[in-house]
Amino acid sequence: MITGSHALAVFLASLAISLCTFGEVAAANRGTKTQAAKHRTVREVYRTGVNHPRRYFAETARDRSGRPTIIYYRRYSTAPGYFKTFIRTHERCHLSGHRNEIAANCCALERMRLSKRGLAAIRHYIVSRDVNSETAVDYKGQGRLFWRKIESRCPPASGRKLR
Numbered sequence: 001m002i003t004g005s006h007a008l009a010v011f012l013a014s015l016a017i018s019l020c021t022f023g024e025v026a027a028a029n030r031g032t033k034t035q036a037a038k039h040r041t042v043r044e045v046y047r048t049g050v051n052h053p054r055r056y057f058a059e060t061a062r063d064r065s066g067r068p069t070i071i072y073y074r075r076y077s078t079a080p081g082y083f084k085t086f087i088r089t090h091e092r093c094h095l096s097g098h099r100n101e102i103a104a105n106c107c108a109l110e111r112m113r114l115s116k117r118g119l120a121a122i123r124h125y126i127v128s129r130d131v132n133s134e135t136a137v138d139y140k141g142q143g144r145l146f147w148r149k150i151e152s153r154c155p156p157a158s159g160r161k162l163r
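One point on numbering: in our numbering, the residue at position 142 of the sequence shown is 142, and numbering is uninterrupted.
Just so you know, these hints were derived from the structure itself, not from any lab.
Among these hints, one or two may not hold up.
Computed list of lysine-lysine pairs in BS3-like fashion (alpha-carbon distance at most 25 angstroms, straight line) [said to hold, decoys possible]: (1) Lys116 to Lys149; (2) Lys116 to Lys84; (3) Lys149 to Lys84.
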């Protein structure tokens with residue numbers, strides 16, 4: 001016969017297992033390995049009341065102890081949720097070794113595994129808001145040109161599968 005306390009213990013044990021599994025899946029989705037994430041977690045700093053001098057949504061750095069850090073700025077706070085996810089993934093790609101903006105965007109799109117609709121939303125935001133993280137000077141049409149560069153160098157951006 002199962003008692004109330006036994007049923008509760010079974011429930012809590014299954015909950016703990018599912019949370020561990022969820023944590024591992026979440027880590028995989030972020031592009032981090034569970035073991036590495038325990039020792040080198042990324043610090044995230046929100047300076048959303050401050051404009052970055054080069055208009056960045058966010059940037060990566062290392063703190064004094066060498067811990068990887070993502071700093072988010074005001075422009076990040078005004079972006080829609082799906083684009084914030086893209087920015088966060090993009091910055092994590094920089095931390096994993098992708099130095100230039102096109103490579104980090106491609107890495108982010110690959111990790112996110114977006115549907116055609118999701119990819120279209122990212123493209124629309126970049127083009128309509130003239131997002132271009134390669135230049136400090138704004139000019140009309142830069143988002144469209146930036147997206148074309150991304151598409152030409154990155155299979156996920158054009159809807160093609162990676163090999």
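How the hints compare with the structure:
1. Of the supplied pair hints, the one linking Lys116 and Lys149 holds, its CA atoms being roughly 18 angstroms apart against a limit of 25 angstroms.
2. Between Lys116 and Lys84 the CA atoms are separated by roughly 18 angstroms; this keeps the pair inside 25 angstroms, and the hint holds.
3. Annotation: proposed proximity of Lys149 to Lys84 holds, straight-line Cα distance about 21 angstroms (limit 25 angstroms).
Checked against the numbered hints above, the structure violates none of them.
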